[in-house]
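Bring the two chains, given one by one in their own frames, into a single complex with the hints.
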Amino acid sequence: MKKFKDYDSIQAYADIPQLPRGGYICKIMNAEEKTNSNGTYLDICVDIAEGEFKEFFANDYRRQTSEDKKWHCHYLLNEPKDDGSEQDGWTKRKFKTFINVLEDSNEGYHFDWDESKFKGKLFGGLFNMREYRKNDGSVGEAINLARVIAVEKIRSGDFKVPDDKYLGSAPASAVTFTPIADSSDDLPF
Amino acid sequence: MEIFEERSVLRSFSIIVDTREHKTAQAKRRYESFKVPYCRGHLDYGDYTYNAILPNGEPLYDINGTIKPASVIERKQSIDELCMCFGSDRDRFRREFERGCDAGAKMYLLIEDASWENLYNGKYRSKFNPDALSASLVAWSNRYGFNIYMCKAETSGRLIRDLLYRDFKERLERGEFG
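Read top to bottom, the protein sequences are chains E and U. For the record, in the first sequence the residue sitting at position 168 is 168 according to our numbering, with numbers rising by one throughout. With the second sequence counted from 1, adding 189 to any position gets you our numbering.
With the rest of the complex left out, here is chain U (with noise of 0.2 angstroms):
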């Protein structure tokens, strides 16, 4: 792809919110700090990836269909939901990692209103014991090979959307959208 058809797609970049999010008015302030378009779609692992409309005129993605994108978002809008995702919805937890782990998709974890400090001090709302959270949450991390960030609720559109810019970007300078 010459320089000009990189930037081109690059500036048609735009950010796909999988359908099961709710329609909150958090969810709605983070879509907008996002600073770029974005829709639903369906995701069939993860909550956010990206789009962009490629030189040949046609999406990255359909998103009429269900996505297995190359890089996803997975949130989780504090530790006590994490915590939950690790205990009564460990299998599904876990199945979503799989299913993206068997399409060799780059997955983020993105954990809002947490920090590492709180997590291992146990600071949250729930008896999950902190250890045993840690060593879940980074033994996963390896297994399935995700990156984990913690941010302010009020970050997260941004950092939703430099993530999945960086990715996309490097992605398409490595030549891998043709």
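In isolation and in its complexed conformation, chain E is listed as follows (with noise of 0.2 angstroms):
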């Protein structure tokens, strides 16, 4: 057989970097307004702030080879209608709470309804595995944020990951993170 001639350099997919589920300094690297059927919310771009895995979301970006290039972690918080339903009581207090997250994380931050101003803002981010359907119908596997805590906590080792969600384990409620067609947020067309 004929070697190929970028053999020695091309990337085998075993070689593709993997997140570790774990706990981790994130950073808010874009954070904006979209709505789609079920309302308004807000896409949340995030990466690594530091350690051993500082800027993984970037480094994955940059080596993707596909001409419209992703971005794989994205923290997505529903808006509230304030309807008074149930289901937006939760919305507002899960809404709060990344607040305070953000908050007790940064100091000298105070929320003032500009989401513009997330952007370079440091959170705790714990991340577990996620079984996902993918468009074949098989199930795959990726690393998901499933849950946001101060850094203070993620310094002082203060936190326990989520146990890993796998398809039908878990009722629509319990879920804290929604993966998105990240197709949505950039042109084409």
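Be aware that one or more of the hints could be misleading.
Pair ranges (Cβ atoms, derived) [to be verified]: (1) VAL161(E) - ARG347(U): 56 to 62 angstroms; (2) ARG347(U) - GLU50(E): 27 to 33 angstroms; (3) GLU194(U) - TYR109(E): 17 to 23 angstroms; (4) PRO248(U) - THR97(E): 36 to 42 angstroms; (5) PRO244(U) - GLU141(E): 32 to 38 angstroms; (6) SER330(U) - GLU141(E): 46 to 52 angstroms; (7) ALA342(U) - LYS5(E): 27 to 33 angstroms.
Worth flagging that the hints you see were computed from the coordinates, not collected in a lab. All values reported here derive from a predicted model rather than from experimental measurement. Virtual Cβ for every residue (Gly too), placed ideally from N, Cα, C.
This is how it looks when you write it as structure tokens:
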């Protein structure tokens, strides 16, 4: 068999780095208000800020060879509808929890309802594995930003990584993170 | 430019249509098939270019003045029109490419409702000799450094958008816009 030309330099699939489950100090790279059929939400793009895996998702982005690269770590935060429903109450609690984490983790920061100021803020992120259904029907696994906590808790080791999520193992209301089709946040088209 | 600034700039991508483009029903359909915002502006050469909002909040091109774009598409609606450009309008056509060349622009020539087969076989409404036409077209594409694209009229809007978007994205990723 003839050796192909870039055999020595090409990256094998198994060599693509995976972020291990665990707790990391994270940085908000971008935050934007978006709307879908369920209402308005904040799409928060996240990277690892410190340690061995610093800039893990930026490196993952740069490594992609497709023409339209995807950012692979989003935290989606639904905005309350103020409709008085029980569901909206959960949404409000989750929203305020996130804000409290940001205020506790970033000295001097006080939320002023301007999501663009999230950029650059730190928080603690707990990552587990999550199963998902691929387009071809098979089951895949992806690292998942499952929960946010104060940075100090990561530094002191005072955290427990949530159990992995398997398809069908959790009721919808317990899922804290919903992966999105990343193609929605870029042209084309 | 950092990753999210680039992504934000890309999302602001829009198309500038030269003010000399006729406002016909077919032109309106073409613009609608861009599926991105568009506006009119005075281009020094070419018919279409792009615009975007840079991280400093300023547009890449000020549409209130004459624009000398980094990349343009010159559109011809048929081989018949191309024959006219290489015939009676040859000097004007040449000056257009010369202005683009002088400005260092990348140029694309898009010919609608055309194919190389029709061009080589003289399947158009003009007495322009097919060998002379193909010779001029290919020679000029080398001389002035433009790329030649042919497509059906109903595809041209999408192709204009894709050519401009990919050109813009490449330049953005190379750092040409800061």
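Practice prompt. Sort out which numbered hints this structure fails and list those numbers smallest first.
Written response: Result: hints 1, 2 and 7 break, sorted rising.
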